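**Student:** Those protein sequence lines, which keep their order, are chains A and B. Using my numbering, the letters of the first sequence map in sequence onto residues 1 to 110. Using my numbering, the letters of the second sequence map in sequence onto residues 1 to 112.
For the record, the hints were derived by calculation from the structure and aren't laboratory data. Values in this document were obtained by computation on a predicted structure and should not be read as measured data. One should not assume that every hint holds.
Below are the DSSO-like pairs computed for lysine-lysine, each with C-alpha atoms no more than 30 Å apart in a straight line [as the list claims (entries may be wrong)]:
no. : chain 1 : residue 1 : chain 2 : residue 2
1   : A       : K68       : B       : K57
2   : A       : K59       : A       : K37
3   : B       : K13       : A       : K26
4   : A       : K67       : B       : K57
Residue strings, one per chain:
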Amino acid sequence: QQPVQSPQAVILREGEDAVINCSSSKALYSVHWYRQKHGEAPVFLMILLKGGEQKGHDKISASFNEKKQQSSLYLTASQLSYSGTYFCGTEQASARQLTFGSGTQLTVLP
Amino acid sequence: KAGVTQTPRYLIKTRGQQVTLSCSPISGHRSVSWYQQTPGQGLQFLFEYFSETQRNKGNFPGRFSGRQFSNSRSEMNVSTLELGDSALYLCASSFYRQETQYFGPGTRLLVL
Chain A
1 QQPVQSPQAV ILREGEDAVI NCSSSKALYS VHWYRQKHGE APVFLMILLK
51 GGEQKGHDKI SASFNEKKQQ SSLYLTASQL SYSGTYFCGT EQASARQLTF
101 GSGTQLTVLP
Chain B
1 KAGVTQTPRY LIKTRGQQVT LSCSPISGHR SVSWYQQTPG QGLQFLFEYF
51 SETQRNKGNF PGRFSGRQFS NSRSEMNVST LELGDSALYL CASSFYRQET
101 QYFGPGTRLL VL
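Extracted from the complex, chain B is given alone in its bound form:
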């Protein structure tokens, strides 16, 4: 079974731009969670989607948003990028909510 895939793997943007990251969960998994990982703050929860609905949201500004499609694929969007948004963005999927989460390889975003 294929694992979680994320695209793109690397991204360079400038301040003020927006970015969309994509995550395809493991086949059959219905829950997708997004995390931001930085050396200073560690792994921080962004949001969780299940059945196309956002179920939980972490403590991030409204510039961070996401959605989930009927095939469970998920996208996250960051608008008006700031330098501090540079990070590794990880998505994780699970069959059901709050079961074992399997992480994708991540998208490394650099904001200049």
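Next comes chain A alone, as it looks inside the complex:
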């Protein structure tokens, strides 16, 4: 079952923060985050395994709440290069395949 992402779209100014959410009605084994720029392939950002650990690199981090089956991607002090569509991909322990959300279109303006 496809995870639900919110918001569908967000527009920011450079330096502002954003949060993208991903939720599932199924028990999750892992959550994967990708960013895709127009006309390009999705690029891996990070993977979170069940256990509620938070990961991050640079100014992008993510958390995974196993109890709520929710993950959030945090983008702080956004840069123009952050623009793109962000997808979460979820994996259930019972069905080891990635199911992607519909994506969140992030636009960072100067």
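Assemble the complex: chain A is given as a structure, and chain B must be docked to it using the hints.
**Tutor:** The following block gives chain B in isolation, referenced to the frame of chain A:
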């Protein structure tokens, strides 16, 4: 290390024809997954191959098939093409099953 490569990058076919797409994973990666991406349906999982065996299959008709060779390269085939098969077909490789997947640039298929 070279990334995932897909050939061809663009393809135009007519309804009823068949098509074969190729994917070469990152060297050392043994798992290859295929996805279909369309504006309306988003990224949808087609199938996953590991050690030349299909391990998972998404909810697509039997017209969609694939295989993996001993060198981990993979092909997917779509027979009796329909207009709705027009999409970007992405393959992704990982070292082992369900680890971080790295996507190729995709093959954009247009069915007329």
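**Student:** Run every hint past the structure and note whether it holds.
**Tutor:** Evaluated hints:
1. K68/A x K57/B: Satisfied, since the Cα-Cα distance of roughly 27 Å is no more than 30 Å.
2. K59/A x K37/A: holds, 18 Å
3. K13/B x K26/A: Answer violated: K13/B to K26/A is near 38 Å, above 30 Å.
4. K67/A x K57/B: holds, 28 Å
The structure shown violates just one earlier hint, number 3.
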